[in-house]
Amino acid sequence: MADRKYTEDHEWVEVDGETGVIGISDYAQEQLGDVVFVELPDVGKVLDQRDEAAVIESVKAAAEVYTPVSGEVIEVNEELNNDPSLVNSDAHGEGWFAKLQLTDPTELDALMDEATYKTFVESLS
Amino acid sequence: MANASPDTELLKTPLHDLHVTRGARMMSFAGYAMPVQYPAGIITEHKHTRNAAGLFDVSHMGQAILRGADVAASFEKLVPGDIAGLATGQMRYTLLLNETGGIRDDLMATRIEENGALALFLVVNGACRDADFAHIASSLDGEATLEILADRALLALQGPGAEDVLAELAPDCSDLVFLEGRDMEVDGVSAFVTRSGYTGEDGYEISLPAAAAAAFAEKLLAHDAVEPIGLGARDSLRLEAGLCLYGHDIDEVTTPVEAGLSWTVGKRRRETADFPGAAIILKQIAGGPSRRRVGLLPEGRAPVREGAPIQNAAGDGLGMVTSGGFAPGLERPIAMGYVAADHAEAGTSVTIELRGRSVAAEVAAMPFVKPNYKRS
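The listed protein sequences correspond, in order, to chains A and B.
Residues in the first sequence are numbered from 1 upward in steps of one, following our numbering.
Residues in the second sequence are numbered from 1001 upward in steps of one, following our numbering.
Just chain A, with the same shape it has in the complex (with noise of 0.2 Å):
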């Protein structure tokens, strides 16, 4: 099973081997509402930890992704390009946005891992 951590920014990397999926969570699309358009990074690109890695607009408003994880982006979700509503739809899973080859997998030490990023969201309301 693949180990998946989160920020408090509520994204989350699904790690497997040396590549990593990011996205964000089910709490955050929920936040955002309808998801109507996906800017995703390209391919090749190199992200350090923290970079903007997608813009997610909702009806009202932008929001920016930031990678939990520093890698390059070695696929993207182009799915997301005719149906952005699967963010809202299943954020955890065919709502992905990218997939980075890792660079510094000792980033994921610091995040949160399931159990306690569902401890953090429930402090939050």
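Simulated from the structure, these hints should not be mistaken for lab results.
Quick list of simulated restraints, FRET-style, between CB atoms:
1. B:D1316 / A:D113: 48 to 58 Å
2. A:K118 / B:L1221: 29 to 39 Å
3. B:D1316 / A:S89: 40 to 50 Å
4. B:F1029 / A:S123: 19 to 29 Å
5. B:A1131 / A:E114: 45 to 55 Å
Some chain A residues near chain B, calculated using beta-carbon distances under 8 Å:
6. G33
7. D34
8. V36
9. F37
10. E39
11. V55
12. E57
13. V59
14. K60
15. A62
Even glycine gets a Cβ: it sits at the ideal position worked out from N, Cα and C.
Keeping the supplied structure of chain A fixed, place chain B upon it in accordance with the hints.
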């Protein structure tokens, strides 16, 4: 992706508990905690209003009655509209102007009759309420008095199903056509009802005592056709309808002519030229303004937002986007903004800056979605 929760000092409308119970996400707007959306979401709420009936809490807006010996003539000192020409029960969209022809606020004024005396029922924007009422009261001191209706709620019921729903509780509402209003009993409560709104749909705005508002709203919401609608969908609906949002599309430094609101300057008022900023406004009407508010259709799927610069093909600045978003009814981004007058014709190609790149866009006629008013 931080999301600030409304702070504790915000005012609450009479429907506050109803919003919270129904799972609304609350935001700060004009000093009030207001619902931005309910669990259904903005797109669903928007489409529901276009297809059936949406209930909006707009109690943050300012309501007042202006009275005076010649109240219409008095009020005309502050606005360019033909107020004296209103028949009793007739409502007009008009503008509070400053001395340079800029717009202090936009508002709705309805001529009413109270025990044989004429008065004006005013509804102004929530964010401008205190400044507007202070301005009106002080400017007309000695000739007219303003009663601020602080203990009244204002609900809007909008959409093609609105009449059938409201008529069950207020049969007289069917007698009104677009931009008419009067007192009537609504479910046994005395209310002031106008056939008006801010969505491009047929519908009503109902002013009633704050204490009666929640029970009335629950009765409307019990109806199958009615869903509660937040400010998010209110904004996307009015943008599709090409209607201005004060503080964004119009403000103290835009004139009615630049804003495409010359039609609010009454014919008689153009001749008498006795409203604030008349010299500047009439000169612009005659000679054309240097910039105009236009509709914009950006290519692709990405919405352009307020503040985005608009340029011509050569990269010269033409103006700025003042409202922009996604149009649920058209399933595409739409916007409005100001451009140099020589680029204001529908069909003109422009570019809009978005996150460091240029998006092609076309100047478009407004409204983007045909209104559905009941005019007769």
